[in-house]
Structure formats: C-alpha cells, structure tokens
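2 protein chains.
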Amino acid sequence: MDLKRIAKDTTKTLTSYLTYQAVRVVISQLDETEPKRAYWLHQFSAREKIQDGEAYLQALFRERQDLAFRILTVREHLANEIAEALPEMLRSTIQQANMDQRRQQLERITQLELTAPSSSIDSL
Amino acid sequence: MDLKRIAKDTTKTLTSYLTYQAVRVVISQLDETEPKRAYWLHQFSAREKIQDGEAYLQALFRERQDLAFRILTVREHLANEIAEALPEMLRSTIQQANMDQRRQQLERITQLELTAPSSSIDSL
Numbered sequence: 004m005d006l007k008r009i010a011k012d013t014t015k016t017l018t019s020y021l022t023y024q025a026v027r028v029v030i031s032q033l034d035e036t037e038p039k040r041a042y043w044l045h046q047f048s049a050r051e052k053i054q055d056g057e058a059y060l061q062a063l064f065r066e067r068q069d070l071a072f073r074i075l076t077v078r079e080h081l082a083n084e085i086a087e088a089l090p091e092m093l094r095s096t097i098q099q100a101n102m103d104q105r106r107q108q109l110e111r112i113t114q115l116e117l118t119a120p121s122s123s124i125d126s127l
Numbered sequence: 004m005d006l007k008r009i010a011k012d013t014t015k016t017l018t019s020y021l022t023y024q025a026v027r028v029v030i031s032q033l034d035e036t037e038p039k040r041a042y043w044l045h046q047f048s049a050r051e052k053i054q055d056g057e058a059y060l061q062a063l064f065r066e067r068q069d070l071a072f073r074i075l076t077v078r079e080h081l082a083n084e085i086a087e088a089l090p091e092m093l094r095s096t097i098q099q100a101n102m103d104q105r106r107q108q109l110e111r112i113t114q115l116e117l118t119a120p121s122s123s124i125d126s127l
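Residue numbers (this note's numbering), protein chains in the order written: chain A, 4 to 127; chain B, 4 to 127.
Hints in this document: simulated from the structure, not taken from any laboratory.
Do not take every clue at face value.
All copies of an identical chain are treated as equivalent in the list; a pair is satisfied when it fits inside any one copy or across any two copies.
List of simulated lysine to aspartate or glutamate pairs, EDC-like, C-alpha gap at most 20 Å [to be verified]:
1. 15 x 87
2. 15 x 55
3. 11 x 91
4. 15 x 37
5. 39 x 66
6. 39 x 110
7. 11 x 35
8. 11 x 87
9. 7 x 66
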C-alpha cells in the first residue's frame, strides 16, 4: 500500500474537482452580470473535457484568458477556504458510510434468513 | 459561492475516490495470494460503475460480502492515513498549478509578440 502515491493521486483528483467547482462558481457569477459570457463558458466547458483540469485551463487560456485567470483565482480561494475542514469531514463521512453499508448488509442477511428460515436452521 | 455545499460535495467525491483506491489496494493484495479472486474483483470492478462508491459496494455486498467488508476497512484506513496531509498538499498543489498556468500563458503571449512584432508595435 503506497500511501505516498495514493495521497498524491488524491490531491490531483481534488485539484481537478475544485477546478470544476470553480468553473461552476464563475458561470453562476457571470449568469447575473453577463449572461452571454456565462453561456459561452457553459458551452466551452461542455465541449472541453473538464476531468483534466489543467488541460481544460490550457484550452481556455487560448480562447478567453480573462476567464481562465478568473478560474485560477477562484479555485485557489476554494482550496484555501475548505482545505482545513476536509480531514475531519472525510474521516466522519467514511465512518458513517461504512456504518451504513454494514447495517444494510446485516439487514439483508436477516431478511434472507427470515424468508428462508429452514436453510438458516440447517446451517446452525 | 456556497462553500458549505462545495466542501460537502468535495468530501463525497473524495470518499468515492478513496473507495476506488481501496479496491486497487485489495486487488493488488489478492494478486499475490489469491490471483483468481483478484481477477474476479478486477472483472467485477470493470463491470460495476465505481464512480459511485456506495452503489459499487452495495452491488459487491450482494456477490462477495467478504471482499466488500475488506474494502470498507481499507478505505477507512486510507482516509485515516492521508487525511491530515491533504490540506497542505492541496493548497501547495493548486498554488504550483496556478503558477505554472500563469507562466505558460506569459510565455504564449511573449511568443505571439515575437512572431508578430509589427502588430505588437501597432498596439503600443
């Protein structure tokens, strides 16, 4: 288990995800002031793969550098604002999700035993 | 800019991503001891959408509950191991990526001015 590589890959995924969220923020800001540019960015983002945040930004810089610069600023702001909360949120979300999965599985097994009581008695 | 919602969505994405990483860890562990089960999990993971980690796990619980339980344990372990490092890694990765994007754009503009010096002088 290469934890260093996993942490690095996770950070890369996070960076791309926050780029996507920054694009959404900029589109919604433009929607209120410059709906035409909001529409343009929306169309551009549907065309260019946003899964790879850096490639997306490079493509955007070639077409509308002001929007690209704005997205850089917003994603850095988002990272600074939410970074500190992430460890605790991540740990508690995974603990809760694991608990839910275990509970659901227990319920499923119980249900199976109720609907097939003889086989359950056989296995005792 | 709804930071609370963005932090929550980001945590959900992170949880799914760590589920995917946990599946990779379990496959690589099985590869060494039980290659047939490793192959089975590999095939299963190619078939079931792993983008939604919880739905993937629910499907796996229905087929091989021991593997599903193992993935729950591994993803919780991964979260506990890397969570604390994430804020600093995220901030520095985004800062570095933004610096790279700005540098590339500066180089592109300089290049454009070098290849079209007259228009650049015209615009002065």
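Here is how each hint holds up against the structure:
no., hint, verdict
1, 15 x 87, "both (17 Å within a copy, 16 Å between copies)"
2, 15 x 55, "both (9 Å within a copy, 19 Å between copies)"
3, 11 x 91, "both (19 Å within a copy, 11 Å between copies)"
4, 15 x 37, "neither (31 Å within a copy, 31 Å between copies)"
5, 39 x 66, "within (15 Å within a copy, 50 Å between copies)"
6, 39 x 110, "neither (52 Å within a copy, 29 Å between copies)"
7, 11 x 35, "neither (37 Å within a copy, 25 Å between copies)"
8, 11 x 87, "both (17 Å within a copy, 13 Å between copies)"
9, 7 x 66, "neither (36 Å within a copy, 32 Å between copies)"
Of the numbered hints given earlier, the model fails hints 4, 6, 7, 9; all others are met.
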